[in-house]
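If you're matching them up, the sequences are chains S and V in order.
What the first sequence shows, in our numbering, is residues 2 to 284, in sequence order.
What the second sequence shows, in our numbering, is residues 2 to 284, in sequence order.
Misleading hints may appear alongside valid ones.
Note: identical chains are not told apart, hence a pair may lie in one copy or across any two.
Unchecked claim - SDA-like mimics (lysine to any residue), calculated; alpha carbons at most 25 Å apart, straight line:
id, residue 1, residue 2
1, 19, 176
2, 150, 105
3, 190, 105
4, 190, 7
5, 82, 255
6, 19, 171
7, 150, 20
8, 19, 272
9, 190, 97
Since the hints were derived computationally from the structure, they do not count as laboratory data.
Quick caveat: nothing in here was measured; it's all calculated off a predicted structure.
Letter by letter, the chains look like this.
There are 2 protein chains.
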Amino acid sequence: MIICRNSSEARAQVAQWKREGLTVGFVPTMGFLHAGHVSLMGLAAREADKVVVSIFVNPTQFGPNEDYASYPRDEEGDASKCRSAGVDLLFLPPVADIYPEGAETFVECTNLPEHLCGLRRPGHFRGVTTVVAKLFCLLAPDVAVFGSKDYQQLKVLEKMTRDLLMPIRIVPGPTVREEGGLAMSSRNKYLSPEQRHQALAISRALGEARRAVEAGENHAATLLAAMARTIETAGGRVDYVNIFHPETLEDLDVLDVLDGPAHAAVAAFFGPARLIDNLRLRE
Amino acid sequence: MIICRNSSEARAQVAQWKREGLTVGFVPTMGFLHAGHVSLMGLAAREADKVVVSIFVNPTQFGPNEDYASYPRDEEGDASKCRSAGVDLLFLPPVADIYPEGAETFVECTNLPEHLCGLRRPGHFRGVTTVVAKLFCLLAPDVAVFGSKDYQQLKVLEKMTRDLLMPIRIVPGPTVREEGGLAMSSRNKYLSPEQRHQALAISRALGEARRAVEAGENHAATLLAAMARTIETAGGRVDYVNIFHPETLEDLDVLDVLDGPAHAAVAAFFGPARLIDNLRLRE
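Same shape as in the complex, but just chain S:
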């Protein structure tokens, strides 16, 4: 596995592979890798000849009171996981390569971020689209893989890639869960064992909502109240619960069969950790 800390070298290596007729799959991450990331690497390897993983804790996607400084890092452990997963190039760019001095250019979606996490984390998705656009322009992969746990991020990046006419295919990876159902997240590290147990309420609330829909419940308000109750009863603090159209992300009031698909998402605090999860309620 090549480890590269220099943007020009990373670009040159990817360009070399492409000149040889090989396709390149890209998994952008913020590191502190877990089984969810590893599953994305496997997906990238199935979709392309060479796999590039980047680790970059992107300052512009954190709010001023968020956990940029304390975001967990483990470069050695990450490199070892990438090597085991058969990654070809691990790219660890310095901040100054991604945000050169005087950088002032941002890439922004104007609609999809006006929902869900975007409302709770102003500027977050602007930071995400900006950094991913830069990495896409730098490396020019054929395929990029993003996890479905960050559902809104996936939808925003699909839209950005399409809107900017980038010749990159976005492939969603399924949410990987710990035993008991907790969605894998680097931020699970912030949880005490007790909080980790309590946080199972998030996926439980989503599962209960799906079963209620299957049983005929079609009022979003009823479903949302039950989801919030499940999380609060377990000791969590709800940041939001939402039921929405999975493409437009617009709120649904009634899950009428005629309305098509419905998706649910949760953000909740357990102790210091803000955790998110989501589930398709109906196709």
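Got chain S; can you put chain V on it based on the hints?
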């Protein structure tokens, strides 16, 4: 010369050339081509093996009360000029290829547009950076050429390309002038013969300012007042006159030798036409 109205075909043709080891120079335009554009095509041909010209009147860079609907068009004349200039591919994308339905992604510089034309035309440079980023992502040229008459645009696009880590070299082309000094512009078409004569005051004002600086004048206020007077005396209406640092675009009050280079720009209305021009006052 290939004429292409389909984005996928244009991308495929450029990619084919690049696979053959040829470099591609790109001249994005809004059409109604004049000798200034033709000089950019010549520059692109010197810098790259193949020359692509796009003609796209970009809706997002016009304000609500500007001349999008009436912007002059002459597809046949333009094609003929491109053919004579040795252009290899003339790309005429439909609006729906560049702004697919539901497009909501914008590329924006946050500092350089806060000067000069950016202050007079809110949203203009956001439209420019968005469309050029799309065309760059679509075609992936090696070199792109922009005219220096649109000086702020050139600086904004240089910054955008660098910030987004795009492997595209921006080459500035010199301003081409009609006899008497009027900078070539598609909008010169809006001028009556008398207004065209009056509009010579723009380049005259800039030339007088440079000569005054050469003669020792170093107060921007004095220079700006003289420039405005020259334009108004000729019957023009000044939109702005400005003296600024040519890289940061920040206003200069005193052109102290220690301050380094200085640049001047004018925007003025003559009849219905808003015309711009600029000149380096001192290196």
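A quick look at each hint next to the structure:
1. 19 x 176: neither (30 Å within a copy, 38 Å between copies)
2. 150 x 105: between (30 Å within a copy, 23 Å between copies)
3. 190 x 105: The answer is neither: 33 Å in one copy and 35 Å across copies each exceed 25 Å.
4. 190 x 7: neither (29 Å within a copy, 49 Å between copies)
5. 82 x 255: neither (44 Å within a copy, 59 Å between copies)
6. 19 x 171: Classified as both; 18 Å inside a copy, 24 Å across copies.
7. 150 x 20: Intra 34 Å, inter 38 Å, cutoff 25 Å: neither.
8. 19 x 272: neither (46 Å within a copy, 54 Å between copies)
9. 190 x 97: Intra 28 Å, inter 46 Å, cutoff 25 Å: neither.
Violated hints for the displayed structure, listed by number in ascending order: 1, 3, 4, 5, 7, 8 and 9.
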